[in-house]
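**Q** The chain contents come next:
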Amino acid sequence: MVATKNIFKILLVTLLLGLFSFRLWQSTGCKNFNSLRFNPNVLIAGVESQRNLDVGIPIPVSKLLHNKVTEALTQVSSRYLNTFKPKFLLEILGPLGLFCALLSAALTIRTRKKSQIFSLLGIFISSVAAIVLTQPKISLLLIFASWAVFASLSINFVIRSKMLLVLFFLLFVYTYFFYSINWQMPVICNEIFFN
Amino acid sequence: MTKAEKIILLLILSVAIFLRSYNTAINPPGLYWDEASIGYDAYSILKTAHDHHRHFMPLFFESYGDWKLPGYIYLLVPFISIFGLNELSVRFLSVMSGLLTVLVFYLLVKELTANIKLALIAAFFLAISPWHIQFSRAAFEATPALFLFVTGFYLLLVAVKRQKISYLTLGSALLVLSMYTYHAYRIFAPTFMLVLALLFYKKLKKLRSLIVLPTFLAIVLSVPLIIFTLSEQGKLRATSQSAFSFDELRKSRLEYDQKSKKPLRFLSNKVFTEPMYYSQVALKNYLENFSPVYLFVNGDSVGRHSQVDMGQLYFFDLITLGTAIVVVTKLKKQTLKIFAAWLLLSPLPAVIVTPSPHALRSLQAVIPFTFFSALGANYLLTKVRSKVIIVIAVTLFCYSLVSYLNLLFVHYPRKFGPDWQEGYKNMVNFVVKVQDNYPKIYITSAYGMPHMYTLFYTKYNPQSYIDQKGSENGFDKYSFVTDQTDIYDKGRILYVSPSWQKVDGTKLTDIFNLNGDIVFSIWEVNGRN
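Protein chains in written order, with the numbering used here: chain C, 2 to 196; chain H, 20 to 548.
Hints listed in this document are in silico derivations from the structure and should not be mistaken for laboratory results. No experiment lies behind these values; they were computed from the predicted model shown. Think of the CB as a built atom: it goes at the ideal place given N, C-alpha and C, for glycine as much as any other residue. Be careful, since some hints might not be right.
Stated by the list, open to error - Partial selection, computed: residues in chain C whose CB lies under 8 angstroms from chain H:
| # | residue |
| --- | --- |
| 1 | Leu12 |
| 2 | Asp55 |
| 3 | Ile58 |
| 4 | Ser78 |
| 5 | Ser79 |
| 6 | Lys86 |
| 7 | Pro96 |
| 8 | Leu121 |
| 9 | Ile124 |
| 10 | Phe179 |
| 11 | Asn183 |
| 12 | Trp184 |
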């Protein structure tokens, strides 16, 4: 029984990682990855455009509401939260990976296992790195790796339920179709070619 | 309920009414064309019992060919009769619906959780909700539809608890009425009720003698709606808004064939099938409604649906919702099931249409989001003891609120005038002043639906409009033209041009928006006959 479970576990992890590897291979055709980096040059323009709209408001109040600090917080938060956009995560993890990641998140809240928490922290840290690093390819690889690890931690839970197992295999097939239709990965890459 | 709690609730409702009604006639700055159409059709029904397309007491309004539902228009008639045809009367129904939704939401949370403090926090959060306020300040059908749905659902809950068939019947009727008020509820309301019926099947089985009549009534009342949905007009509306485009599928497949490696191309006709393609479009659209960027940073990209410079929710909701995820297991199972189902089903109407996410079509999501945010806030208020943290939290909360009010009352009317067709009112008012001097008046259609704004702001007699068979091309001495139309062979006319058009005539005036940009220019043109 334990041996069967272990075989299943290995099979599922292999399938999941195989799917992610396929996705990584698809991304090798990309010439220009979209940058996730926070650009500090937009701060001044942002502050000015907001203050220009503050007609009739006392200048100190306008400065309190719209300044480089508030604009920086907004811009940094926006870039950071972009790494958690469902469209973005769906593009890299596919439906199966996203499902496993959500399952893993639910398990983290319920069980509070150290491995789950550390893996989740890894995601938050890799997202910070993504908005700071100048090389978008490395940023994306870091995010991808951290989410892939987090998603694979749900396999232990999946093998315990027949319904989840069936869902896993159905989503595996569907994800292959999803990856094929979304070959161009417009959220991640400007254009993908295979010559 | 204690006296203090009653006073707090009154204060919350006062905040709600202020945020929804202050300057609502001029902010949003101008009437969107749907508002103008709804207002004028209500006016036409009041005066002639016909809509402006000459249909007698229609169940569905042709409007601009988009076939509006009747709920808002018929409910608006008494307001038009009291306040006249103007921006305030058209938006008043939305304002009142928004206010009453806050009250009913309080009652709903109290009913489900038996926690008055939580119910008050939830009501307060809805009262200051940017998402809800945005749609309560203009004539959006979704707002009264949400009120009807929440009230109907509340009555059903009370009815099940107290075993009262009258409440069940009224609740069912209100739920069906919500489906006649906004299109999104044609999908959301029956789906939500079906899911709840499955979740609480055992409980409902014991009450089957009670639910037979209300269910039968709901089905009978829904029949005209079902017939409309399956009709040519209903299908036309569905396809015009559909997110599932065969052209997009073909384009994607072509791109795949052109850019992928040859050995993989044989797969393209197996991969790019309609079910596969459309299912991934639907999946992306669904998940985008839970995007943290959409919820907390940028909101809906359409200027009428959000501030765009902030999310649909406050930034502090990120903290309270995050807390709620941890605390949610302490809720009663029934309450958790209801709000979880509500949250997960809310985006469905926005999934099958473009664009997505769509804050208006998923407005019903504001209820569960607000509930869970209040749940998290209630937990934090109970657990946090440190005065320093409380002061910081209150400061951040107040700062968020003030920032939002700054966006809503100061920035919004200046920034989003074009989204609300700002300028039409002043243009029509000027034309009315001078129109007796001209035999014909030509108005540009560059900004959309000029005939409706002319009808609305002149309060044109609907019977006259019907008798002369007026249309979007013209009525009376008004003609509505593109900027390609030759206006120089019409003799002496008054011509209203868009701001960018050069006209060979005498300029009488320019019409400006709040930012000082020209929207219309009004000319006297002496053309050849």
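**Q** Determine for every hint whether it applies to the structure shown.
**A** Verification of the hints:
Here the hint on Leu12 (chain C) is broken, as its CB sits about 24 angstroms from the closest CB of chain H, past 8 angstroms. For Asp55 (chain C), the shortest C-beta to C-beta distance to chain H is roughly 6 angstroms, which falls under 8 angstroms, so the interface hint holds. At a threshold of 8 angstroms, the smallest CB-CB gap from Ile58 (chain C) to chain H is about 6 angstroms, leaving the interface hint in force. For Ser78 (chain C), the shortest C-beta to C-beta distance to chain H is roughly 6 angstroms, which falls under 8 angstroms, so the interface hint holds.
The beta carbon of Ser79 (chain C) comes within 5 angstroms of a beta carbon in chain H, closer than 8 angstroms, and the hint placing it at the interface holds. Interface restraint check: Lys86 (chain C) against chain H, minimum CB-CB distance 5 angstroms, threshold 8 angstroms, status holds. Contact between Pro96 (chain C) and chain H, as hinted, is supported at the beta carbon level, the nearest pair being about 7 angstroms apart and thus within 8 angstroms. Among the interface hints, the one on Leu121 (chain C) is violated; its C-beta lies about 12 angstroms from the nearest C-beta in chain H, farther than the 8 angstroms criterion.
This hint is violated: Ile124 (chain C) has a C-beta 13 angstroms from the nearest C-beta of chain H, more than the 8 angstroms allowed. Below 8 angstroms, beta-carbon pairs count as interface contacts, and Phe179 (chain C) has one with chain H at about 5 angstroms; its hint therefore holds. Given hint, Asn183 (chain C) at the interface with chain H, holds; its Cβ is 7 angstroms from that chain's nearest Cβ, closer than 8 angstroms. Evaluation of the Trp184 (chain C) hint against chain H yields a held restraint, the C-beta minimum of about 5 angstroms falling below 8 angstroms.
Hints 1, 8, 9 from the earlier list are contradicted by this structure; the remaining hints agree with it.
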